[in-house]
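Visitor: Given next are the chains, with one letter for each unit.
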Amino acid sequence: MKYNLELIKNKRKIIGFSTVLILLSLLGILYSTFNTSYKKPINLGMDFVGGNELRIERVCEEECSDLSPDSVLENLREISENKNVLNNIKLQLQNNNKLISIRTSYLSIGESNNLITNLEDIVGPLNYESKNSRLIGPKLGKRLLINCVTSLLVSLVAISLYITIRFDKKYALFALLALFHDLFIVFGIFSWLGIILSVEVNSLFAVSLLTIAGYSVNDTVVIFDRIRENLKSKKESHNETIQLSVNESFRRTTFTSITTLIPLLSIILFGSYSLFWFSLSLSLGILVGSYSSILLAPSLLLKD
Amino acid sequence: MKRRQGWLFFIIFLLSLSIYLLISYPLQLGLDLKGGSQLTLQIIKEEGKVSKDELEAVNAVIDRRVNNLGVSESNLQTLGGDQLILELPGEQNPLVASRVLGKTALLEFRTQKAGTSKDLKSLQIQRFKIKELIEQYSSFEKIKYDDNLLINIQNDLQETEQELNYSPTSNDLYGKLIEIKKYIDNEITNLFIKTDLSGRDLINAGRRQEQTRSSWEVLLTFSNSGGDKFAEITKSIAGTDQLLAIILDGESISEAGVGSQFANTGITGGSATISGNFTAENARELEVQLKGGSLPLPIEIVETNTIGALLGSKNILKSLYAAISGLIFVGIFMIFNYRILGLVSVLSLVLYGFFNLALYSLIPVTLTLPGISGLILSIGMAVDANILIFERIREELFDGNTLTRSIDSGFQRANSSIVDGHITTLLSCFVLFLLGTNFVKGFAATLGIGVLISLFTSLNCSKTILRFFTTYQSLRQKNLYLPKNSLSN
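Top to bottom, those sequences are chains A and B. Using my numbering, the letters of the first sequence map in sequence onto residues 1235 to 1538. Using my numbering, the letters of the second sequence map in sequence onto residues 0 to 488.
Because the hints were derived from the structure by calculation, they are not lab data. Take these hints with a grain of salt, some might be off.
[To be verified] Among chain B residues calculated to face chain A with C-beta under 7 Å, some are:
| # | residue |
| --- | --- |
| 1 | Pro25 |
| 2 | Leu94 |
| 3 | Val95 |
| 4 | Thr305 |
| 5 | Ala308 |
| 6 | Ser324 |
| 7 | Ile375 |
| 8 | Ile378 |
| 9 | Ile386 |
| 10 | Leu431 |
| 11 | Phe432 |
| 12 | Asn437 |
| 13 | Val439 |
| 14 | Leu474 |
| 15 | Gln476 |
[Claimed, not checked] Cross-link-like lysine to any residue pairs, in silico, SDA-like; alpha carbons within 20 Å at most:
| # | chain 1 | residue 1 | chain 2 | residue 2 |
| --- | --- | --- | --- | --- |
| 16 | B | Lys44 | A | Gly1371 |
| 17 | B | Lys102 | B | Arg412 |
| 18 | A | Lys1376 | B | Lys102 |
| 19 | B | Lys33 | A | Gly1371 |
| 20 | A | Lys1332 | B | Ser312 |
| 21 | B | Lys48 | A | Arg1377 |
| 22 | A | Lys1376 | B | Glu299 |
| 23 | B | Lys313 | A | Leu1503 |
| 24 | A | Lys1466 | B | Lys102 |
[Stated by the list, open to error] Examples of chain B residues toward chain A, derived with CB under 10 Å:
| # | residue |
| --- | --- |
| 25 | Val65 |
| 26 | Leu310 |
| 27 | Ser318 |
| 28 | Leu368 |
| 29 | Phe389 |
| 30 | Leu446 |
Just so you know, even glycine gets a beta-carbon here, dropped at the ideal spot from N, CA and C.
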């Protein structure tokens, strides 16, 4: 099986496609910054802004009775001592009314426990064994955010240094360009997800960006290596050698992406809910990363 | 050939060692897998950084308090320069721990300023009233709809505000009540003068039920010098109308007079009792705090994570499904595309899994959900190296080389690009591990360990297994290594 990607012919299309993706991402980021309630480039989750998240299951025989979130909230307001607790409350029912998930601003453990007792008075017995509660103070959130941004910057600098030492200037520049292209697009997709589906990003999102960075550069390195090797030995023209090298390493790159995507898909399908968005952003990153390693980065190397 | 056999034995030895390790040292599970609570305590310092000594001092106090609380299997560790992490496994309620740990527990003994008896009396009455109001309000919110009660509370509150000449800034009723109580506490404390006797002078604390009532009292035992100080202080106010206040974190928990019979020697014996209407629980919490000593710097609980045991075991099951299905589908993909070579990579993946888990129990790495996702993700990356090698072998076979030669040069030529390619991933893991939170560290650790081990399994183990396979004549046909359609091409 030989692959024949017409890189030279399609250079404009590839660069155009990437430009459109980047512009769409930029649009999402700008829209998110100026036109949403949270006024941030991306919808920051509890990890970064602080708050209280509670998920707990009801104890029901066979099926759980119908509940309306609004009436539960109304009842909660009536029996709560400290009304401030309920200022920014959001309540959702999932799994046929079985799973109750609540978001509020930051509470102390005592206040959170009161909230659960009050909730139990309204909706009936709850299964404490199924409880998942997270309370994050606003101070810690800010710190986590700073921490994540620093980690990202530090590792980007480290990767850039490594690439610059390993390749000559032109290669390094394009490899890094491809890397930022990947990260920017994944970021943009999550800006859009935040706008449309109110998806929030947490520290695991930052981790996924870092992992994508490592992975995407790895892919590009393998292809650039091949190009360098072939440029030394082959007689074909510069552009044709690049196209040939890409086709030679095409199988390898797609296969490794597939074998990395398979486990991620199984986490998305079977894994715990808390890993869902994490695995999704990793998968997106690997898809975009493979595209940029195979098509974008080598196209940039082509001479006009 | 001999050397390869040596490797085969070595790998079998490693595999049995891993299985032995896994059986005798079970994996440590994080809270998101076994259920429990995790509290993050932040040390608060207004200016400058928290020094190492201060961190240790806070750590020691918290450690004593946790021990005295009698929480089983708890785990306390420091994080960064100014945070502590406390893990409470199982169904233990983090509420009590948070109440006991969060307080500075600065115990002071103060004597009343002369001539303030009247002021104190009226403040004490106000304090009593406001406590009543808070209680009434709580019960009102529970039973509901006795609107008269609510109006009464509001009226009483207004009256108190006027008497105190203080108007709270809070908007809601509950906030107002709490604010006024704080104001009164503060005013009372200000009527007393500091002495040099404090919580530092205690050597022990205890509690007992009061004889005539159902409430509890807390017993204090002073050190020798503390006992002397206590005698001195009580002597100075004995027989006067000045009271002795015991103040905890700025709030007076007891005010009592000293009888004139103590005017000559003061109260000797080196002990004192605080009877301030404690419930059994309050008394125990105060006891634990006093035994542990006061915190040199205040702390704040900035994060609490609670996960029920049932949810934890569900998480384990889900992760297991994800890991196994990931492994199976990657295996199918590899065998479909690379035949015998695919089988080799599946076998080395299984070895990879065992080595990884064994290393987790050896180091030890606490397994958390992000950690598991790092492990699952590294399955894909471990195959990456195999694919690089197999592609090279395929190319060699296409060029008409013999099987043995192709295998040899495939491994040789892919070597450098594999090591190279993993460096960027390792860089990211390293940064994550240095800068990340606990949660993130788990992911970085498993992914990093995974990438390192995969270098060994995909280079050495695969080669050894492949060599072993090729010793059988029947397994040496080329078409077992290349799908037919690709050969015909």
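Visitor: Indicate, hint by hint, whether the structure satisfies it.
Guide: Here's how the hints hold up against the structure:
Checking B:Pro25 against chain A by beta carbon gives a least distance of about 21 Å; that is not within 7 Å, so the hint is violated. Interface restraint check: B:Leu94 against chain A, minimum CB-CB distance 5 Å, threshold 7 Å, status holds. Using the Cβ-Cβ criterion of 7 Å, the hint placing B:Val95 at the interface with chain A is not satisfied: the shortest such distance is roughly 9 Å. The beta carbon of B:Thr305 comes within 4 Å of a beta carbon in chain A, closer than 7 Å, and the hint placing it at the interface holds.
At its closest, the beta carbon of B:Ala308 sits 5 Å from a beta carbon of chain A; the interface hint therefore holds under the 7 Å criterion. For B:Ser324, the interface hint holds, the least distance from its beta-carbon to any beta-carbon of chain A being 4 Å, beneath 7 Å. The beta carbon of B:Ile375 is positioned within 7 Å of a beta carbon in chain A (closest approach about 5 Å), and the interface hint is therefore held. Because the smallest distance between the Cβ of B:Ile378 and any Cβ of chain A comes to about 5 Å, under 7 Å, the interface hint for this residue holds.
Evaluation of the B:Ile386 hint against chain A yields a held restraint, the C-beta minimum of about 5 Å falling below 7 Å. About 6 Å separates the beta-carbon of B:Leu431 from the nearest beta-carbon of chain A, less than 7 Å, and the hint is met. For B:Phe432, the interface hint is violated, since its Cβ never comes within 7 Å of a Cβ in chain A; the closest pair sits about 10 Å apart. Taken as an interface hint, B:Asn437 does not check out: its beta carbon lies about 10 Å from the nearest beta carbon of chain A, beyond 7 Å.
Checking B:Val439 against chain A by beta carbon gives a least distance of about 5 Å; that is within 7 Å, so the hint holds. The criterion of a C-beta within 7 Å of any C-beta in chain A is not met by B:Leu474, whose closest approach is roughly 23 Å, and the hint is violated. Given the 7 Å rule on beta carbons, the hint for B:Gln476 is violated: about 20 Å separates it from the nearest Cβ of chain A. At most 20 Å may separate the alpha-carbon atoms for a hinted pair to count; B:Lys44 and A:Gly1371 meet this at roughly 16 Å.
Note on B:Lys102 and B:Arg412: the hinted pairing is violated, with a Cα-Cα distance of about 63 Å set against a maximum of 20 Å. Pair hint A:Lys1376 plus B:Lys102 does not hold up; C-alpha atoms about 23 Å apart against a cutoff of 20 Å. For the suggested pair B:Lys33 and A:Gly1371, the alpha carbons sit about 24 Å apart, so the restraint of at most 20 Å is broken. Using a Cα cut-off of 20 Å, the hinted pair A:Lys1332 and B:Ser312 holds, with the two alpha carbons roughly 18 Å apart.
Note on B:Lys48 and A:Arg1377: the hinted pairing holds, with a Cα-Cα distance of about 15 Å set against a maximum of 20 Å. The suggested pairing of A:Lys1376 with B:Glu299 holds, with an alpha-carbon distance near 15 Å, which does not exceed 20 Å. For a cut-off of 20 Å, the pair hint linking B:Lys313 to A:Leu1503 stands: about 15 Å separates their Cα positions. For the proposed pair A:Lys1466 and B:Lys102, the alpha carbon gap of about 70 Å is over 20 Å, so the pair is violated.
With a least beta-carbon distance of about 16 Å to chain A, the hint placing B:Val65 at the interface is violated under the 10 Å criterion. At its closest, the beta carbon of B:Leu310 sits 5 Å from a beta carbon of chain A; the interface hint therefore holds under the 10 Å criterion. For B:Ser318, the shortest C-beta to C-beta distance to chain A is roughly 6 Å, which falls under 10 Å, so the interface hint holds. For B:Leu368, the interface hint holds, the least distance from its beta-carbon to any beta-carbon of chain A being 6 Å, beneath 10 Å.
Interface restraint check: B:Phe389 against chain A, minimum CB-CB distance 9 Å, threshold 10 Å, status holds. Using the Cβ-Cβ criterion of 10 Å, the hint placing B:Leu446 at the interface with chain A is satisfied: the shortest such distance is roughly 7 Å.
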